[in-house]
Amino acid sequence: MLHIYCPYCGENRDQDEFKAKGEAHISRPLDPMGCTDQQWGDYMFFRKNPRGVHHEMWYHVAGCRKFFNMTRDTVTYRIYETYKMGEQPSVTAESLAGGQS
Amino acid sequence: MSEVAKAQVVEESSAAVSKVAVLQQRAGAGVQAESPLHHVGLDHLALNVHQRGGVALREKKLLGHLVLRGNSANASLLKGIKKVLGVELPLAPLSCSAKGTTSIQWMGPDEWLILVEGGSEYGIELALREAIDGHISLVNVSGGQTVLELSGPDARKVLQKSTPYDVHPGSFPVGKCVSTVFAKTQVLLQRTGEDSYEMVVRRSFSDYMWLWLQDASAEYGLVIKA
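Line order of the protein sequences matches chains L and A. Under this note's numbering, the first residue of the first sequence is numbered 1, with each subsequent residue one higher. Under this note's numbering, the first residue of the second sequence is numbered 102, with each subsequent residue one higher.
Each hint should be verified, as a subset may be incorrect.
30 Å max Cα-Cα, derived BS3-like pairs, lysine-lysine [said to hold, decoys possible]: (1) A:Lys-180 x A:Lys-200; (2) A:Lys-262 x L:Lys-19; (3) L:Lys-66 x L:Lys-48; (4) L:Lys-84 x A:Lys-277; (5) L:Lys-66 x A:Lys-262; (6) L:Lys-84 x A:Lys-180; (7) A:Lys-161 x A:Lys-285; (8) A:Lys-120 x A:Lys-180; (9) A:Lys-120 x L:Lys-66; (10) L:Lys-66 x L:Lys-19; (11) L:Lys-21 x L:Lys-48; (12) A:Lys-326 x L:Lys-84.
Hints listed in this document are in silico derivations from the structure and should not be mistaken for laboratory results. The structure presented is a predicted model; accordingly, all values stated were derived computationally and were not measured.
Taking the hints into account, I'd like the entire structure generated from these sequences.
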């Protein structure tokens, strides 16, 4: 069971209140008609499936009903941080790798 | 965009707000209104003078419920709310503001629930639309939900059985309101006093809540209040 910090409510809540909504920071192509089938297919269907640090969207469905982002380790389930929509993560796989060496 | 075009856009957006068809949803005096728990007959159960127990349940029925969405950076929104309702719009997360029978609960950074005396919601909705400029959404959901009040020395124990939210006084002081999971449904839970709580429940889940609360408070004894 995860204990998740909602950046909008400003406190930790039980995982039961949330839904995972997949990979974060995917932007829709600005010119969909100009995309090749492969570009559009990549946007539409293909997702990273990293072993380790992953940035994903979560939805506080039973709380404030806002989407937010989370940096989470898919191996240890450790949550590094949660941050609001439109913000950039302060913890990334690169920053963690840099810190260890 | 030229100045003329800008002016047109502003005009259209403010005209769009006033064009909303606001419906008087409450039936006239000749029609009996039924709350979501009408079939239970709480008023009748409350007449039983032999009720004993540590948990008391009361339905605050047929109140006016309005859901407001808007940008809190819009000064006209804050001013309009203050002018019409006489209370400040609560901007801090999980807070609420109340005065008399009117209360506003924070539901999200851009969403609030306004509870007013039953019957006054139509006039208040019209007054708010008049007083607020800019892009807002105001929906009368009075028929869609009801308010249950749970009180008594064992009320907290019933909540602890029912919700994963930490309702210990240390994290849930008087006046705080949270939206959370309750049994297999969701409620907007507010601590209104040392031993009293209010829950805003969906109409279609109110019977489930009634059955759940009876079962959860059985060991403490449930007292129905009118």
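- Between A:Lys-262 and L:Lys-19, does the CA-CA distance stay at or below 30 Å? Measuring from Cα to Cα gives roughly 22 Å; hence the hint holds.
- Message: Hint check: L:Lys-66 vs L:Lys-48, CA-CA at most 30 Å. Holds or violated?
- Response: holds, 23 Å
- Query: Would the pair L:Lys-84 and A:Lys-180 pass a check requiring their Cα atoms to be no farther apart than 30 Å?
  - Reply: Holds. L:Lys-84 to A:Lys-180 sits at ~27 Å (cutoff 30 Å).
- Query: Are the Cα positions of L:Lys-66 and A:Lys-262 separated by 30 Å at most?
  - Reply: holds, 26 Å
- Item | Satisfaction of hint between L:Lys-66 and A:Lys-120, Cα-Cα up to 30 Å | holds, 29 Å
- Item | Holds or violated: L:Lys-66 to L:Lys-19, with C-alpha atoms at most 30 Å apart | Judged against 30 Å, a Cα distance of about 11 Å means the pair holds.
- Item | Given hint L:Lys-84 paired with A:Lys-326 - CA-CA distance at most 30 Å | With Cα atoms ~43 Å apart, A:Lys-326 and L:Lys-84 exceed 30 Å; violated.
- Sort out whether L:Lys-48 lies within 30 Å of L:Lys-21, counting only the CA atoms. holds, 13 Å
- Item | Hinted pair A:Lys-120 and A:Lys-180, Cα distance within 30 Å | holds, 21 Å
- Query: Is the straight-line distance between the alpha-carbon of L:Lys-84 and that of A:Lys-277 30 Å or less?
  - Reply: holds, 22 Å
- If you draw a straight line from the CA of A:Lys-161 to the CA of A:Lys-285, is it 30 Å or shorter? holds, 22 Å
- Mind checking the alpha carbons of A:Lys-180 and A:Lys-200 for me, to see if they're no more than 30 Å apart? Between A:Lys-180 and A:Lys-200 the Cα gap is close to 16 Å, so the pair holds against 30 Å.
Hint check: a violation occurs at hint 12 only; the rest are consistent with the structure.
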